[in-house]
Structure formats: C-alpha cells, structure tokens
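Residue numbers (the numbering used here), protein chains in the order written: chain A, 83 to 351; chain B, 83 to 351; chain C, 83 to 351.
Just so you know, the hints here were simulated from the structure itself, not pulled from any lab data. Backbone N, C-alpha and C fix where the C-beta goes; we use that ideal spot for every residue, glycine too. Honestly, I wouldn't trust all of these hints.
[As the list claims (entries may be wrong)] Here are a few chain A residues that face chain B, going by a calculated C-beta distance under 8 Å:
#1 A105
#2 G106
#3 V107
#4 P113
#5 F127
#6 V156
#7 G157
#8 T158
#9 A201
#10 P205
#11 S208
#12 T209
#13 S210
#14 G227
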Amino acid sequence: MPETRPFVSLATDFGAAYTAICAGVVHTIAPAANVLVLSDEITPFDVREGAMLLRQALPYLPVGVHTGIVDPGVGTPRLPVAIETGRGDVLVGPDNGLLLPAAGKLGGVVRAHALENPAYRLPEVSTSFHGRDIFSPAAAHIANGVDVADLGAPVEPLALDVPPPMIADGTLTVPVLYTDRFGSLVLGAERDDLAAAFGDLAPGTRLDVTWETGTARLSFEETFGSVAPGEPLLWIDSSGWLGLAVNQGSATDALGLTGADTLTLRKTD
Amino acid sequence: MPETRPFVSLATDFGAAYTAICAGVVHTIAPAANVLVLSDEITPFDVREGAMLLRQALPYLPVGVHTGIVDPGVGTPRLPVAIETGRGDVLVGPDNGLLLPAAGKLGGVVRAHALENPAYRLPEVSTSFHGRDIFSPAAAHIANGVDVADLGAPVEPLALDVPPPMIADGTLTVPVLYTDRFGSLVLGAERDDLAAAFGDLAPGTRLDVTWETGTARLSFEETFGSVAPGEPLLWIDSSGWLGLAVNQGSATDALGLTGADTLTLRKTD
Amino acid sequence: MPETRPFVSLATDFGAAYTAICAGVVHTIAPAANVLVLSDEITPFDVREGAMLLRQALPYLPVGVHTGIVDPGVGTPRLPVAIETGRGDVLVGPDNGLLLPAAGKLGGVVRAHALENPAYRLPEVSTSFHGRDIFSPAAAHIANGVDVADLGAPVEPLALDVPPPMIADGTLTVPVLYTDRFGSLVLGAERDDLAAAFGDLAPGTRLDVTWETGTARLSFEETFGSVAPGEPLLWIDSSGWLGLAVNQGSATDALGLTGADTLTLRKTD
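Make a model of the complete structure from these sequences and hints.
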C-alpha cells in the first residue's frame, strides 16, 4: 500500500503544551500530514543541545519537513529560515545555527530561504510565539507542497558555533555538548579525533580525564556491559560521538561532572 | 487530497502513560482518528491551569473532539459532559469549569449533554479512571459520528471560577493563572484591562508590581528582546494574556514569585 | 470506513528524544503505521515498573505491535525477542521479563522468536541503542506483515521476577511495584489476595500498614472521594491492583513512604 502522507517533525524547548499547539497548527493547515514530536524538552534556550539532537535524530526519521525551534532571539530581527537538504528534507526554524549540523548529516544545504511570505504565516503574528505563528505554518505549507523558494529571499544560513576538539602533547581536549537524561555526557569529538590523539585505542585502555573541578580514571570500552555497574567508561555512542558514561548509573552524579564545559583526556601512564 | 480523518485531542494531568492509555482507547474505538496529546503534564488537580491551557490552545487545533481531564472530583457525583461549540468542536471532560473558557473561544456553548449512555462507555467503569472508561470512549464515539444528544440528558455546564481583574486607585490587581515551564507568570487580565487601568501604555513604561511577599520594578514591553537578558518585563503574551517574564530567564526564580496568587500593578511615579 | 493502518506502540525509559528516534525508524520502515508513544518516562532501568505499565496499558490499546524497552542488559548477550500473544499482538523488546506480565493479560504467549535476522535490523547495529537499531526495525517490519518466525529461532521467554503476596497470622505482606506520578503506591496484590487474607472487606474497614521505616492507619475504600482530602486510603486501582493513595495528595510525601519496598497490612483491632 503506497503511503503518501507527508511527514512533519517538531523539536522544541517549549514543553508539551506549546509544542502540541504547533502540532495543532500543522494538523489544521496540512490535515494529511503525519506529525511526530521529536522533542518538546530541549533545555530552554540551549541551541547547541537542540542542534546536536537534530543532527543525531533526523537521519533516522523519514524524509520530510523537520521543524527545530530553540530561539533565544525571538522578538529580535534574527531570520526565520527553511533549509532544503541533499536528502530532500526541509528544515524549518530560526537562523541561529540550530539546523546546520543536521543539514550536514542529511546531504548538506541545497538552498535556504527566509520565511517572509505572509501567505505562509498565521494571519496574526505574535512577537513571542513564532513557533506557532511562523515556523509551524511554514512547515505545514511546505508539507502541502509549497516550494521553499516561495517563502522568501534566498539566504546563507548561519553556522553553529561549537569549539572543535583540540590535540596537544598527548591530550585530547573536547567540549561537553550536552548531558542526556541518564547523566551521560556527549562530547564534541568522534572516533577519528580519538584516533588522531591516541592512535588505535584498544578496548580496556585506561585514560585519565580532567575538567574544571575534578579528575577521574576510566577505561575506553566498546559497550556499557564491559565495566561493572557503577563504573565509568569512555565510549563511542550510538550516533558516533565520544561519550562519558557510568554503567547503569549517572556519570554527572557519580563523578561530580555537573556543569563541566570541557574535558581533557590523556592515556594513563 | 481530501482528509476526512476525525481529529481528537487529549489534555490531562495524568502523565504520559495514563494519557497514552486514553489515546489507546480512542485508537481502539475510532481507528481512523488522528489523535494528538495536547498535554499530559497539567499540574495535578489544577483545574484553572488546565482551563487556561485549553482556552489558549484549542483555537489553533483543527475542529474536532477535544478531551480535557483535570478532575479532582473523580469518584464523586460530578457530571461528565460533552459540550458542542459554535465552531463545531465537541469538548469532553468533567463538568467542573475546565472546558468553559475554551468553549468561549470556540464560538460558545451550543449544547451540552451528560455522558450517561453505557453504550458509549467501556463495559466496566472504574471509580478512579474515568479518563479511560468514560471520557475517552465518549470522545472516540463522537469522532465516529455519534450525536452528542445520544450521550445523555442536556445539561447546563458549570463555569470556571476565576477572580476578575480589579481596578482601583490607579492600580490593577490580577490573579496569577499559572506559571509556565520557563517560570513566566500568566495573569488573569488582557490588554483591555491594562488600558482600562492605565490608559494607553507606551512600551518602556515603568511599573511597580507587588504581591503577597515581595515587590519588583519592571517595564511594559512588546517583546522579550526589548529588555536585557535577566531583566523582568510585563507584556501581552501570544494568547492575549498579560504576562510577567524575565528575558532568557525565570521570573519565579529571579523575583521570588513562586506561589504568588495575586499581583497588583501601579505605574512608577 | 475500514481502517487498515497497522498499530505500533512504544514504551521506553529513554526520554522523549530517543523514543522519538525509535518512532522515526518505525515511520521510515512502515510509513502506514499508526505510532503511539505509550511512555518515554519509565524510571531508567526499572524493568518491574515497565512490566507493570505494559501489563496495565496494553489491554486498552488496539491489537498491534507493542515495543517495550527497559534494558539494563544492553551490550550484554541478553536476547532481543518478539512474543506473539493470544489476542494477536506482537510484543517486541529485551528478553528480561519486561514483556511477560503484559503477554499474560493479552491471552498468553503463543510463540516467541529471537530477533536475529539482519534483514530486519538497521544496516549498522550499535552496541548501546538497540531500541533504534534492533527493536524498532523489528516492530516496523512485523507491522508491515513479516511473520514472527522469520525473525529468528524460537525461544522460551524469561519471566519477570516479582515476589508474590504473602499471607500469615492475619497479615498480608505485599511488594511495592511502583509509585505513580501522583505519589500513589501500586502494590503487588489484587482483590483476591485481599479477600484471602481478610475475608470480604467492607468499605470503611480500618487497616494498619507497616513498612521498613514507618506505620500508618487508613481505611479500605472503593473511591478516593470516600475520604477527606489529605487522608490516606487503601483501594483497588483501575487495573485491579491494590493501591495506597492519599485523596488529592501524595501518599509518599504524606506518609513518608518514599523508598518503601514491602508493606504489611493488618486489620485494626
């Protein structure tokens, strides 16, 4: 049976109710759309966390219209944009870097246009709830077949500002991108960065990790189950990021890592 | 492509799992329905918060069957009701005032009937989970085309008890309706009430606000971005209510407003 | 209008975003499926809570493919399984007892097969996110019509380990299964166990309850509303379990029951 329902996802820092209002706007304008709330619980105003979530999640969602809204600049002149990707998705949201890492995972930016055309906004646009009044209507109209170029002028979308991993003197220094709900840290480096710093790391290799306020010793492992419950490990998570976790526990609680911004890794002597 | 799937929304104070059970009941009885969870995280037993959410959200959802359940009286003789609105929606829930403000926004109450007909309940009705056993089946059967009048006797639904804003001696005293997840207060007054108290307020006008345990000075603004991050403002939120917020922060945390019931506003001398 | 969309539910301890990624995988593989998130907020690693939720909820969901994932053993050799039930559902998840109590409510286990066939996994299987890479693809393919036997070898699924209620010397000792978000305890006993311990209990009968660190007196009632707000009661909840609750309040807060593992009930002299 062919399935032609357009697919629309929503990821926001609004909480359940405001996100559902956005879903309601999509359902009203595009009643045939299949709407998935990817997240309504991004940490408020945390553009980086939202960007990492979209980058991680969207490759697993159907080709569709993906709306991402973490928007500290609502009410200021930052642009709303729609970005068409190489895979055929359209990403809709504020032009603050939120959407770019995900676009990179979806075949890159093909074209981007500002959301300016009042025909594709709600009749009345509030100053604070652009998710409802601008982003969701644009997403719904695109799901209905409106061409991205009809939304407004072409734009060059802004990149997300994330510090790159740094290698020096046998250390790898990486930013903490976010902490998931299990208290595991996701770090801004991938397997290649690890290899560039330390060569080919065998599972079980011991590492020292230091941060602003503490230090810990742990092993690099392929799986959680390779360390005892309660023990920390460094590993490559399911989306390819370096992660610091505790088997069946919380790394932030167990190691006092809450609030850590940057970690430095070094092989234990 | 015409889309004829009936639309059903659910807003509850049950949490995710119990609300999803209600959604499951709707899907079982009305498999063609498009079901949206508007919220599963209304503060438990807070009828006023739920009523304000429905009033704010439902105008943005498709015409459909909207189930609202915040029901401190479950297990007592309060009536379950279905309310048909001028827009063509049917609101389903307990008759405790929860649904009335939303009905007012949807063209008013056309007719209301008690949910009495056992044919439109689950075969076994528990004493505590009327969301699953009475409200969701009723919503699903209405979505399937059952006439509201077949559900039970006509009733006159109860109004929600909210104190009105009061104007006296150059002050406007307003109830706190609820606090959103960003820590912003939504107040029980609209732009007209503000104008009645203070005349036409220019953006940037300074106001003093006092409550049971504190006081603050802030400005009336059209947008969050008009004040520096961390600074408070009074504004008109996206659904037309007066709001007290802090730009990129939490008003309850920054000003110590947690638990405030009533605010009094006065223009700064 | 006939509705032939297959139904898929998801219940996990992953939080919203990771669960939505699983939903995205289902939508990608089975675009016609109707996907419901039953819960994304099971307490992390709490297999018993997840099992009780599935047992309580699934009878109210449409016949379909129900995915339950609470998986402390991810990354170890525990089996992933699909269990066909007497009602015609297929339950998909880790073979750690999570799915068995629900299968018992859905007509029992008809057959169970390991999820081994790489054709029904994502091309790349991570060591940590089997929800995305193994369970969701299997659920989607089953929803598309793949026979359970094509997934892998037949297996005998493991049972959930829950202590049974015990009767001795006029007392009933029961395990605490979980605490719901209202702070009410769900206990591992049903009406029959209560009758076996105490005979036919009339509403209003007074009982003493003791646990590791405290004691309380309460009455057995049919409904919350039978006791004053703030008063505790013992009752039979809407899924047939014995429950300990406080009318319009939290039993764990009011009685200091947080962390209680086992309760002993006795009729007050």
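Review point. Any of the earlier hints contradicted here, and which numbers?
Key: 9, 10, 14
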